[in-house]
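Colleague: First to last, the sequence lines map onto chains A and B.
Residues 0 to 576, numbered by numbering that gives the first Met the number 0, are exactly what the first sequence covers, in order.
Residues 0 to 576, numbered by numbering that gives the first Met the number 0, are exactly what the second sequence covers, in order.
Read the hints as simulated data drawn from the structure, not as lab findings.
Check before you lean on any hint, since a few could be wrong.
Which copy is meant is left open, so a pair is good if it fits within one copy or across any two.
[Unchecked claim] In silico EDC-like cross-links for lysine to aspartate or glutamate, where the CA-CA straight-line distance does not exceed 20 Å:
(1) K153 with E213
(2) K153 with E214
(3) K248 with E122
(4) K303 with D147
(5) K55 with D422
(6) K132 with E210
(7) K153 with E304
(8) K139 with E210
There are 2 protein chains.
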Amino acid sequence: MNFASYLNRAFSNGFPSSSKLLVVFSLSGGGLVAYSESQSTSATNSTEVEPLKKKKKVVVLGTGWASTSFLKDLDISSYDVQVVSPRNYFAFTPLLPSVTCGTVEARSIVEPVRNIIKKKNGEIHFWEAECTKIDAANKKVFCHSVIDSNLVGKNDFSLDYDYLVVAAGAEVNTFNTPGVKEYCHFLKEVEDAQKIRMSVIDCFEKAILPELTEEERRINLHFVIVGGGPTGVEFAAELHDFVHEDLVKLYPSVKDMVKITVIQSGDHILNTYDSRISTFAEAKFTRDGINVCTGTRVLSVTDKEVNMKIKSTGENVSIPRGMVVWSTGVSTRPVVKDFMDQIGQGNRRVLATDEWLRVKNCEDVYAIGDCATIDQRKVMEDISAIFTAADKDNSGTLSVEEFQDIIDDILMRYPQVELHLRDKHLASVTDLLRDPEGNAKEEVDIEGFKLALSQVDSQMKSLPATAQVAAQQGTYLSSCFNKRELAKLAPEGPRRFKGSGRHDFCPFRYKHFGQFAPLGGEQAAAELPGDWVSVGRSTQWLWYSVYASKQVSWRTRVLVVSDWTRRFIFGRDSSRV
Amino acid sequence: MNFASYLNRAFSNGFPSSSKLLVVFSLSGGGLVAYSESQSTSATNSTEVEPLKKKKKVVVLGTGWASTSFLKDLDISSYDVQVVSPRNYFAFTPLLPSVTCGTVEARSIVEPVRNIIKKKNGEIHFWEAECTKIDAANKKVFCHSVIDSNLVGKNDFSLDYDYLVVAAGAEVNTFNTPGVKEYCHFLKEVEDAQKIRMSVIDCFEKAILPELTEEERRINLHFVIVGGGPTGVEFAAELHDFVHEDLVKLYPSVKDMVKITVIQSGDHILNTYDSRISTFAEAKFTRDGINVCTGTRVLSVTDKEVNMKIKSTGENVSIPRGMVVWSTGVSTRPVVKDFMDQIGQGNRRVLATDEWLRVKNCEDVYAIGDCATIDQRKVMEDISAIFTAADKDNSGTLSVEEFQDIIDDILMRYPQVELHLRDKHLASVTDLLRDPEGNAKEEVDIEGFKLALSQVDSQMKSLPATAQVAAQQGTYLSSCFNKRELAKLAPEGPRRFKGSGRHDFCPFRYKHFGQFAPLGGEQAAAELPGDWVSVGRSTQWLWYSVYASKQVSWRTRVLVVSDWTRRFIFGRDSSRV
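Can you build the whole structure from these sequences, using the hints too?
Modeller: Structure representation (structure tokens):
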């Protein structure tokens, strides 16, 4: 164990944000809220007791990417932190498709959250429970322990908070398609992946039984994947490899009856990726004999069939199926939906935060990861305020100097401006002020200013529900929490265009490091920073090294790498365990 | 994969009987039974088709120790073999207690049965199904596929057999104790061990929740193990190590509330072991703070308590409990019980076979492993026949020469005679014929002969339900199957005392290689051949090397060893997966 801790401490560069572990501040808020009963019953191991300061109570919901990134970097000398989640572990979700076929074991991609949140200067409390209600008015969350057994003691408890961080993730979106909940596998949690693994084996064991007709064998071996996004595509690729590298040897009599179909409602699979990657993936799947049905929407799933509509012809078709995996996107969890109703966001699809990840219409609540989306402020909403703030001499017109004076704040406050400049290949914001002939203007009035910035907001995109976004948000939010007191004295954010002074912090800015799409047969595709695209075997090796380095602990890193090695030597195990 | 196959072929000395893989016979029975429909639908990969011979159909029930040892060594050139079991894998059951606490992963101790039974000269068919009925009169077994899903095709099928090998194992014996089925964990299957692992974590997660009283926390952390046999004791030791080496670091606030209790109805734990081992184990557990309640019988288990009777005082006591593991012995499965009723063994506790592992009162059915017991023939039952066979000159008395002539057959046919000699420290069977003063007799009549052998049958013991016995029975039976035709021409068994000629084969003889009892904290106890007892750390290392070498495949061997290494470096994982 000592060796492990040493390794973790010595090489903790794997996790997205551990390089900021050194940011330590000892300032603390002076809140007067009493400790809740929940603390009094738990022993605190803190060696640095500071009886004069009352720590602010932070409650964190969730143990996914967002929450663990937040907790890993949080300086708890000024916070008393409690974490609530029904899962007592963090799962490295990008490897879930590998777990479905045993390329990697489930155990190798999880790490107990208590290990991750262990701190030197105190204890973060973790409760394995589901948050059933957020009571924002009274600053309370209600929790229910989901442990299903005959153990004694209350299952329900509530926690008071000064700050709440909602990082509860999302659930699978069935789009209310009939039969999906009853008959489809999902691929969101570790348990889902384990169930899929058993189910694949079941399909083979059933198909090979003596009394079946060939037609029945074929149906049982028809694997249908709904959703051509990265998860669905990677699962299809993994399944294809599992079948053709391992299962054909053990089930030789049915090996030619296996069929894999990917159903995608868009025109291409992997349509959030560069088109070169989509094309490569489709060609690879065609070569591998994986059916790709694009432009096809699933209408319903029954106990025997998948019913779909082919968009181009409007035709409805039904295909008999063995196993169906549903992987089409995410939707809001009930507890978050209920919270949204309370704070007047009931008509929205996803919980909205501002650019500082603060939940809109709600004090002291933050939301990060898949459960929330940043409602980016439009430039055009604030255009008059920006103009007024910039027009220092109140002349009614803006000189280039006045404009340049405020450019940095605009760029910091409205990230879409930078995206617009990059998109239009403009060198500087002042280039926006040029007239249609390209001549620089000396001055611009409010209408001209509006015209110049009118295109900017079209660059606004909501961030995808990925691990990368969630982890960056967690890290960002922990740095805000760590600098909270300091920022009151020396705010580091952009100028407030409405109101005076500066914002405490710079708004959250997402940095895209690229994304991978493993396509099976030791081939992968990758979008890399700087509009680079890489495909093939070398990309698969890049994938191996990136995913190994990104593991949350040395234990999981060693396990994942040894799983890959084990697969190369011995293949994947097909025991139904 | 090639590398793995190479390893398995090159070093296949791990499995109990693979050294006999070279025993190949190509003789075949001339049965005229037609192929059943079940074969016709499955493609056969056999490259050595011998259309002139009809192979005898062998159906094997089970994929445990007995069945896999039998199948591994079976020469299938003269048999058409089908295996039926609800588990498509073989599990290395002696490591199950290690799986309960994550010292070894479940996946590391299982191997797909299809890998084990792969043969060069044909295919053994495996059906993942439960045998629901044995119809011995019509030589048929009825099977039901237990795959629980929406797959198509019939779940029921039947198989005809010429020979049936029942190796279906046993189920947990609850002794009809109320509440055991509802509230106790068992430790018989891989799933049981996985459930126990989750349940241990549940107890900790529940005990640490905010709203519990200290009393409630203590109850939830009270682990009760019913049964002080090797499984119960090893689980108690594993749990103690898991708690004190790993969990205390993650659940510091409740670490002093954990209690482990072992309840044993006998006077000592490990009472089938040498008394030095029992004493050592009890002393070690006392030092470790594990409560051992010997002489205590469990009356019932309720949702909150375990009710027991202390035998010495007759007093009834109840103890509140968190989790209960029931590990007290085995009983017959319903399908075997039903079969026993059919063949007139309904009033027996376990299916009885003769010394050749043939089920009594039933043609062509064999039973091996935990589901059966050998009903050893008593010498006294056959004493007149033995006397008559030995008394060649029909003199009514037996000379020493006449007796010596038949000694080898007696020793082969009745293993208890050898045990008796060893027990009495006699050098030879003729010593039995000495008079009370120790003088050798010249002749003995039938009454004297009976008197001389009267004590012999008291040495008869039924074999324990262990992996070692099952594996040896499987190997023995496969050698009988392989030599079936040859033995008809040249029988190798002992003389038939009733009837003429010789038995085809020597009866099954169990060879005890000793047994281990791992006691936690890197200490183990072992009974070794030759009445040796070894305890301590070195014994634990012996245990590691023996268990590593006994693994069924190179894959599991590598995985088990790397699991042990991983545990040394990183500890055990406590994620609830």
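Colleague: None of the hints should be skipped; say for each whether it holds.
Modeller: To see whether the hints hold, each was checked on the structure:
{"no.": "1", "hint": "K153 with E213", "in the structure": "between (54 Å within a copy, 12 Å between copies)"}
{"no.": "2", "hint": "K153 with E214", "in the structure": "between (53 Å within a copy, 12 Å between copies)"}
{"no.": "3", "hint": "K248 with E122", "in the structure": "between (51 Å within a copy, 12 Å between copies)"}
{"no.": "4", "hint": "K303 with D147", "in the structure": "between (32 Å within a copy, 14 Å between copies)"}
{"no.": "5", "hint": "K55 with D422", "in the structure": "neither (44 Å within a copy, 77 Å between copies)"}
{"no.": "6", "hint": "K132 with E210", "in the structure": "between (52 Å within a copy, 17 Å between copies)"}
{"no.": "7", "hint": "K153 with E304", "in the structure": "between (44 Å within a copy, 18 Å between copies)"}
{"no.": "8", "hint": "K139 with E210", "in the structure": "between (59 Å within a copy, 15 Å between copies)"}
Comparing the model with each earlier hint shows a violation of hint 5 alone; every other hint is respected.
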